[in-house]
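J.: Based on the provided sequences and hints, a complete structural model is requested.
In order, the protein sequences belong to chains A and B.
Mapping to the working numbering: the first sequence position 169 is 169, numbers consecutive.
Converting from the second sequence to the working numbering requires adding 243 to each position, the first position being numbered 1.
Hints listed in this document are in silico derivations from the structure and should not be mistaken for laboratory results.
Any given hint might turn out to be false.
Not everything, but these chain A residues come out facing chain B in the computed CB check (under 8 Å) [to be verified]:
no., residue
1, Arg83
2, Arg89
3, Arg115
4, Ala156
5, Val157
Just so it is clear, CB atoms sit at the ideal spot from N, CA and C, and this is done for glycine as well.
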Amino acid sequence: MTDLLIVENAVKSFGSLRAVDECSFTVAESSITALIGPNGSGKTTLFNVITGYLKPDAGRVSFNGRDVTGTDAGRLYRHGLSRTFQQARVFPQLSVQENLVVAGGYSLRQLFTRRVSRADREKAGALLEEFRLAPVADLLASELSYGQRKLLEFAAVLMSGPRLVLLDEPTAGVNPVMIETMERHIRERNTSGITFLIVEHDMNFVMRLCDPVIVLDRGKQIFAGHPTDVQSNPLVLDAYLGS
Amino acid sequence: MSRLGVLRGAAFFATLVALPSFNLAHWVMNMAVFVLMFAVMSSAWNLVGGFAGYPSLGHAAFFGIGAYAVALWYKNHELTNAWHPFLALPLIALIAALVGLPIAMISMRTRADVFAIVTITVLFVAQTLAFNLRSITDGAQGLAIPPATFSVTTFERPFYYVLTVLLAFAMAITWASMRSKIGLALSSVRADEDKARGVGVHVTAVKLLAFCVSVGITAMVGAIWAYYESFIYPQFAIDPLITIAMVLMTFLGGRATLWGPVVGALVLETAQQVLAYQFGGSKIYLIAYALVFLLVMLLLPRGILPTIQDWLRQRRRRLATDNVPPPAANLPPAAVPAAHGGRA
Numbered sequence: 001m002t003d004l005l006i007v008e009n010a011v012k013s014f015g016s017l018r019a020v021d022e023c024s025f026t027v028a029e030s031s032i033t034a035l036i037g038p039n040g041s042g043k044t045t046l047f048n049v050i051t052g053y054l055k056p057d058a059g060r061v062s063f064n065g066r067d068v069t070g071t072d073a074g075r076l077y078r079h080g081l082s083r084t085f086q087q088a089r090v091f092p093q094l095s096v097q098e099n100l101v102v103a104g105g106y107s108l109r110q111l112f113t114r115r116v117s118r119a120d121r122e123k124a125g126a127l128l129e130e131f132r133l134a135p136v137a138d139l140l141a142s143e144l145s146y147g148q149r150k151l152l153e154f155a156a157v158l159m160s161g162p163r164l165v166l167l168d169e170p171t172a173g174v175n176p177v178m179i180e181t182m183e184r185h186i187r188e189r190n191t192s193g194i195t196f197l198i199v200e201h202d203m204n205f206v207m208r209l210c211d212p213v214i215v216l217d218r219g220k221q222i223f224a225g226h227p228t229d230v231q232s233n234p235l236v237l238d239a240y241l242g243s
Numbered sequence: 244m245s246r247l248g249v250l251r252g253a254a255f256f257a258t259l260v261a262l263p264s265f266n267l268a269h270w271v272m273n274m275a276v277f278v279l280m281f282a283v284m285s286s287a288w289n290l291v292g293g294f295a296g297y298p299s300l301g302h303a304a305f306f307g308i309g310a311y312a313v314a315l316w317y318k319n320h321e322l323t324n325a326w327h328p329f330l331a332l333p334l335i336a337l338i339a340a341l342v343g344l345p346i347a348m349i350s351m352r353t354r355a356d357v358f359a360i361v362t363i364t365v366l367f368v369a370q371t372l373a374f375n376l377r378s379i380t381d382g383a384q385g386l387a388i389p390p391a392t393f394s395v396t397t398f399e400r401p402f403y404y405v406l407t408v409l410l411a412f413a414m415a416i417t418w419a420s421m422r423s424k425i426g427l428a429l430s431s432v433r434a435d436e437d438k439a440r441g442v443g444v445h446v447t448a449v450k451l452l453a454f455c456v457s458v459g460i461t462a463m464v465g466a467i468w469a470y471y472e473s474f475i476y477p478q479f480a481i482d483p484l485i486t487i488a489m490v491l492m493t494f495l496g497g498r499a500t501l502w503g504p505v506v507g508a509l510v511l512e513t514a515q516q517v518l519a520y521q522f523g524g525s526k527i528y529l530i531a532y533a534l535v536f537l538l539v540m541l542l543l544p545r546g547i548l549p550t551i552q553d554w555l556r557q558r559r560r561r562l563a564t565d566n567v568p569p570p571a572a573n574l575p576p577a578a579v580p581a582a583h584g585g586r587a
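T.: Next up, the structure:
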């Protein structure tokens, strides 16, 4: 398998705090890779660096064979690298359907086309069916439950046909049934060719779904390997429980 | 557009076109001209302040650019045809948009209250320039524009009709943007700009487009105003009160709606003009004007149109639930379709 995402010696500091410290790892194409670590280990900062929300102070990020270090988040998205947020971020005053359409990754010229074209409706409609959001398609996103918003955010980033999706705690604050639903969607989409990098604290979820698992501590990668090996790795135990 | 929307628009503009034929008194026509000016400017401001959620307080600077563009041109040129200044309006809009572009590129890197402060600075810089570039603007002495040579009995009509066309233009642009992906992109910017950027929305492009179109239209109104008044001073051509009026009218009528700014202008500008006539030179009219605004904000905090829409929606829901037989009343709330916010 080729590496779809390569992070090399990435550094990101906030004042004297090195949130990401010479971090390097790779994400193989078609994998579901987990990125775990204690709170404050730099996972979300790393996500922000990879997806162009933050510029790294040093190091390199390559996606699909191209150096994309510091590239604008919108451009990365249009090139097939998309993400969700820890706190589901949807556009509350847009309808559920419009939340999908707006994420279609349109060109400048397409801005002058219809708000929701027939093609948009069909494409969004298929995703809404798949995520069982069709009955609420015309509601405002602000009227959805938190779990539904998480699903909507996930569905929306699929609108542009991404190659790599970064999910930031997809199961946080979501009920067990919804967690299963989320897991099923990730598996299905992975089968159809999308690579996932997932930050998650729910270890059962990670063990069931992800391989390999990357562990971060204090901004550095301390382990990368099979999920069963994670639990017995002394470095990982030390990071989580302290020596 | 729905059939009702077309009818509403047609009826509104037919009324506007027919109004002067009732031979209204000069003061009424004068008031109508000012109501139209503010309706156009509020509609223009709504593109940036309403749809994109960037509360610009600098729009009066562009009103002033339009006013000074006309005044400066006729400082050195003869007015041979009374309609000529109107023909120059598209060019004035273009100039204002070009001036607005770098200003937007810099100021729109900030948001919300910081953006408001940056743009109000632009306003005061423009006013200071108008005061101090005496060799060009004649400073505080002001500039005269040759008076329009229209018939005295129907003097206001040409201005009135040009402003009607401009209002149709501003509303058509608003409507078209709401119907296109530009409107969708602007809504996403207003809700969560970082997220919008992250899902590939051309955030910068739509913001700059909205700003440039908005200030272009504002400058056209400034030019018409200057020609109508035929004398301009820096403190009136670049007046914070003009900006404040645009903001208040848009908020009053309903932000990010098609008709909100028009309704706001109709209510506030009419109130202001009538109160100014009633209370004459005393400043009591300003207090009365503020009172009108306070009352509406107290009773209709989201603006007139969105509040009425909410009220109608609730009433429809109530009627629907009243008429539904008992078993179906157990439907979850999600099954009741909700109208979209901000689509008047």
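J.: Sort out which numbered hints this structure fails and list those numbers smallest first.
T.: none
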